Structures are given as structure tokens and as C-alpha cells.
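Engineer: Listed below, chain by chain, are the residues.
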Amino acid sequence: MTTAGWIMLTLSVVTVLSLLTFCLTKVLSLPPVEADEALVSNYEVDTGDTEDAD
Amino acid sequence: MKQTENWGSRIGVILAVAGSAVGLGNFLRFPGQVAQNGGGAFMVPYFISLLILGIPLCWAEWTMGRYAGTRGFHSAPGIFAVICRTPKARYLGSIALLIPLVIYMYYVVIEAWCLGYAISYLDGSLMLGNNPEEYDKHLTNYIGGDADGSLLTPSHYDFLGILLFTFAINFFFIYRGVTKGIETFCRIAMPGMVILAVVVLFRVLTIGTPNPEKPDQNLVNGLGYMWNPDFTALTSSQTWLAAAGQIFFSLSVGFGVIINYSSYLRRNDDVALSGLTASSMNEFFEVCLGGLITIPAAFIFLGVAGLTPLVETNSSFVLGFIALPNVFAGMPGGQIFGFLWFFMLFVAAITSSLSMLQPVIAFFEEGLGLKRHAAAAILGLISTIGAGFIVFFSKNTAALDTMDFWVGSLGLYVLAMIQAVIYGWIFGIRRGHEELHLGSHIRIPFFMQLMLKYVTPTFLLVVFIAFGYETLPKKIAQLSENPVVLASFIFMAIVLGFLLLLVHIAGIRWIKEGRFDAMFAEQGVDLMEKAAEDSK
Numbered sequence: 001m002t003t004a005g006w007i008m009l010t011l012s013v014v015t016v017l018s019l020l021t022f023c024l025t026k027v028l029s030l031p032p033v034e035a036d037e038a039l040v041s042n043y044e045v046d047t048g049d050t051e052d053a054d
Numbered sequence: 001m002k003q004t005e006n007w008g009s010r011i012g013v014i015l016a017v018a019g020s021a022v023g024l025g026n027f028l029r030f031p032g033q034v035a036q037n038g039g040g041a042f043m044v045p046y047f048i049s050l051l052i053l054g055i056p057l058c059w060a061e062w063t064m065g066r067y068a069g070t071r072g073f074h075s076a077p078g079i080f081a082v083i084c085r086t087p088k089a090r091y092l093g094s095i096a097l098l099i100p101l102v103i104y105m106y107y108v109v110i111e112a113w114c115l116g117y118a119i120s121y122l123d124g125s126l127m128l129g130n131n132p133e134e135y136d137k138h139l140t141n142y143i144g145g146d147a148d149g150s151l152l153t154p155s156h157y158d159f160l161g162i163l164l165f166t167f168a169i170n171f172f173f174i175y176r177g178v179t180k181g182i183e184t185f186c187r188i189a190m191p192g193m194v195i196l197a198v199v200v201l202f203r204v205l206t207i208g209t210p211n212p213e214k215p216d217q218n219l220v221n222g223l224g225y226m227w228n229p230d231f232t233a234l235t236s237s238q239t240w241l242a243a244a245g246q247i248f249f250s251l252s253v254g255f256g257v258i259i260n261y262s263s264y265l266r267r268n269d270d271v272a273l274s275g276l277t278a279s280s281m282n283e284f285f286e287v288c289l290g291g292l293i294t295i296p297a298a299f300i301f302l303g304v305a306g307l308t309p310l311v312e313t314n315s316s317f318v319l320g321f322i323a324l325p326n327v328f329a330g331m332p333g334g335q336i337f338g339f340l341w342f343f344m345l346f347v348a349a350i351t352s353s354l355s356m357l358q359p360v361i362a363f364f365e366e367g368l369g370l371k372r373h374a375a376a377a378i379l380g381l382i383s384t385i386g387a388g389f390i391v392f393f394s395k396n397t398a399a400l401d402t403m404d405f406w407v408g409s410l411g412l413y414v415l416a417m418i419q420a421v422i423y424g425w426i427f428g429i430r431r432g433h434e435e436l437h438l439g440s441h442i443r444i445p446f447f448m449q450l451m452l453k454y455v456t457p458t459f460l461l462v463v464f465i466a467f468g469y470e471t472l473p474k475k476i477a478q479l480s481e482n483p484v485v486l487a488s489f490i491f492m493a494i495v496l497g498f499l500l501l502l503v504h505i506a507g508i509r510w511i512k513e514g515r516f517d518a519m520f521a522e523q524g525v526d527l528m529e530k531a532a533e534d535s536k
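Which chain is which? The protein sequence lines are A and B, in order. Following our numbering, the numbering of the first sequence begins with 1 at its first residue and continues without gaps. Following our numbering, the numbering of the second sequence begins with 1 at its first residue and continues without gaps.
Hints are computed from structural coordinates only; laboratory data are not their basis. Model, not experiment: these values are computed from the prediction. Take these hints with a grain of salt, some might be off.
To be verified - FRET-style restraints, in silico, Cβ to Cβ:
| id | chain 1 | residue 1 | chain 2 | residue 2 | range |
| --- | --- | --- | --- | --- | --- |
| 1 | A | T25 | B | L205 | 22 to 28 Å |
| 2 | B | L234 | A | P31 | 44 to 50 Å |
| 3 | B | V198 | A | L30 | 23 to 29 Å |
| 4 | B | F231 | A | L30 | 38 to 44 Å |
The beta-carbon is built from N, C-alpha and C at its ideal position, and this holds for glycine as well.
So that you can see chain A by itself, here it is in the shape it has in the complex (with noise of 0.2 Å):
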């Protein structure tokens, strides 16, 4: 394996891993979403068989 082909796959593998390292720290660091908070949709879809689905 040549010096450019270390660089490319350096840097390649460490820019996804920063850029996932970034997202997944941020993301598990929120605060949960509260139940409460969350908003119902204007439109209510009656499929009826919900309790059939378990």
C-alpha cells in the first residue's frame, strides 16, 4: 500500500467517524422527549384493528 492510499483511507474513515461521533454525541445527549409533548396530527386514521395488531 502506497503513502496516498494510507492518506485516502485515513482520512476517509476518520471524516465519517468524526462526522458520526458528532451526530450520535449530540443526539444521545438531548434530554428524552416527554410524552406529553408530543402533538397528535390534525387527521386521526381509524384502522380499527389496533388491538388486534399484538
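Chain A is already provided as a structure; the job is to place chain B on it using the hints.
Structural biologist: For chain B alone, coordinates are given in the frame of chain A:
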């Protein structure tokens, strides 16, 4: 009882979207594309395409999906009608149903191949020694590549059983719904895939030089085969096209999936950070796992002479189902690693195939008023007919390749272009910028919106035209040369016609039910405000 579907957690939707994107392409298509298009130099156009095409289009889909979802629509026809503020736009949404539906029909078959290969490793029937021809023969026989209808013979009943099981797994989770089905599965499957892939990666990275008579066939040279850059490739348009295409297909843009998944978000749920996270997860699987496993492992056992002809076929199937089994045959503990590898591919395929079913289920429910079990049953029937078509016309995978081209490749470009234009020119980038930042945990510069309006569609159009120029003449010629290709094309056209009819019916229902009244009312307010401004 009234029911609304929402994602149960922030990480749940991220894992689901990432799961939709992560699939066979990350581990099989990407490595081959890199090796064939300048090695490490490929990453230059790759990352540029990620920034100009992939991530912006993802954000556009996430934004539009959530916007329409909070207005009561979760299927593409309804979403497009809301975004474009006219019920007529719903017909464009038919494409966003056609694509995931048709892709599911052949993807589930490939998924069954992966499970079948995993089982074959468990029982040792795939340890055929260092002989690519044997694996080629095995694959051709396994998938019925020799003759149409050959999969319906007794010797292939085991594969049909695996296919049936694969269908059952998909519909079991899709029936359970967004939170209890898709999200629950992805919360287990995604970390599971990381573990499986890292185990195989560790095996590959520690393999050393397994054949002392061929000391050049080692890990470092294997990495070099893939990553050593040939910067002259950057002067070829083919390299840039390949990179753009890879990003495009890899991130599942234009599948009609992200726009459906994000419609289950609440109004103040973040889309900017979530979209970026899902995309970066996909890149992790692609670059950090796929990029370090497939080609290096194949090089170590096959060498340049053995690997290059396989890479040049430009076929993910050849790399995944011929080259790699050869690798596992020569690897110490290869039977277990082969099982882990193909089982991981199977799990990756399920997270993707689930995402292809949900957009259509959502449409059947909200467009036609069907209950979930009825929607699932009808979708099951339609997709079984399609998969059955693929299974029967298996010779040289003609039916599969035809559907993969017209819907799974060309169709994606068409839908992505439609979505880019709708977002940039109808929804509007100012509104898009505001919507994107509702509940957002990161700030995206407005420059990204300008890129979405002007650069992304132009780049996409260039790629689309080049793709069509290179491939369409040959594919059109095949329609008259091969009756199976023609029959597959007609089949897809019939499915599209059927969906257009259903979309037409759905729109009439929505108008009668007053589903668009709020939209018309908003339009009325906008028109009044505009009239008031104009009169000043």
C-alpha cells in the same frame, strides 16, 4: 378506536432510516465501485456528491415528510398533494409507491439468497474449496439462473421455503406498525449488524498472510488494491458518475421511504440532526466496514489475477456470492465467519425491505381506508405475485435485472428529481429553511437551501442524462430482443397503472372527506395576505 402512528423515540427513527439505507450495497456495491474507479481517488467525488447531492436531498425529504405528516398525510400521494397545494399532485406520488413496491418484489428474493447462504454455511454445504467456478455454478443453480421455472422444481423447495419464511418475517414486523414493528426491529438489528460486521472485520484485519507461498497476498496489499489512489481517474466523467450514483443509491434517496418515515414525526421533532445522523450511520457501514472487509478479504485469498476479473464484472452478486464464499472457504474458521457475514447481510436486507413495505401500507390505510390487516393482506398478495414473477423468470436473472434498471435505477433518478424540484421550486426554500429548523438541534446555513434549489437539481440532471445516455439504448433494445425483459416491463407498467387508479380513487375520497380543507383554508389565508400586501 382511533390510532395515530408516531416514532417512539428520537433514536428510533434515526435507526429506522439508517436501516433503510444500509443494505447489500454498502458491503458489495461500494467496494467494487471504489476498486474500479481510481481506488482512493474515488473518495474525492464521493464526498463531494455526499455534500451536494446526498445530504441535501435527504434533508429535503425529511422536511417535506414531516410537514405533510403533521397535516395528516403519510403516503407520498397525499404528501405531494399537500406540499404542492393541489390534489392533482397526488399522481406524482404514484412513482413513490411504485418504486418501493417493485424493488421489494426482487429485493426479498435477494434477501432469501442471503439467508439461504447463511444456512448453507451452517450445514457446511458452501465449503467448496478454493474454486470460483464451483461457487459460480452453485450460485447459478441456487438462484435458478439456468432456466426459467427451475426454482419450482423439488430440488429448490428448500429455497422456496426460505423465501416464504423471509416474506413472513417482513410482514410480521410490518403488521405490528411503525413503533412496535419497524422501530423495535431496527433498534435490535442495527447494533446487531455492527457487532457482526466488526467481528468479520476483526477476522479480516488479523488474517495476516494465510498462504505462505503467496506472501504478496496479504492484508496491506489488499487494502492497497482498493485504496491506492489513481488520480487520473478524476479526469474521467465515469468516475464522477459512479460516485454520484453510489451516494444516491446508498442513502436511499428517491425511494419514497424517507418521506414516509419522516411523516410519522411530530411537528417539533428534529429533522436536521436526525437526517445527518442517519446519513452518517450509512456512511459508517459503507466506508468503515464495507470499505475494509470485502475487497481486502477477497484480495488476500484470490490475489490480483483472481480478483480483478470479478471486480470488472461490476456485479455486486459476483463479488458477494462468488468471490466471498471462495474467501471463507480458505479462511480458518471460515464456516462460522461465512455464516456471520451472510446472516448480517440478511439482517441488513430486512431493515431495507421493511422500509419498502411501509410507504405502500400507509397509502392503503389512509388512501383507501383499509385496516392494517386488510392492507397487509393485499400488499402481501401483490408483492407475492411480483416476487413469484421474479422467481419464475430466473434465467440469467432477466426479470430481476429489468426491474432493477427501470424502477430501481431509472425510477430513483426520476423521483429524486421530482422531489428536488418540488422542494426547491414549489415548496420553496424559504419555507423549507423554516420547516427544516423547526425543533432542530443544529443550524444549517441558508447556503444549503440555495444549493438544493440550484446546484442539486442540476447535478442530478447531469448524472441522470449521462446515466440514461450510457444505459438506455441497450436497455431499450433488450425489450425487443428478450421476451422476459418485455414481460417484466409490461408487468411494471401494469403495476403503475393500478397504482395510478388507486391514487385517483384515494384523492376523490380525501376531497370528499374534507382532508384538504385545511390546506385550501391556508391557501385562502395566503391569498388574502398577498392581496392585502399587494394593495399597500
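Engineer: None of the hints should be skipped; say for each whether it holds.
Structural biologist: A quick look at each hint next to the structure:
no. : hint                       : in the structure
1   : A/T25 x B/L205: 22 to 28 Å : 26 Å, holds
2   : B/L234 x A/P31: 44 to 50 Å : 45 Å, holds
3   : B/V198 x A/L30: 23 to 29 Å : 26 Å, holds
4   : B/F231 x A/L30: 38 to 44 Å : 41 Å, holds
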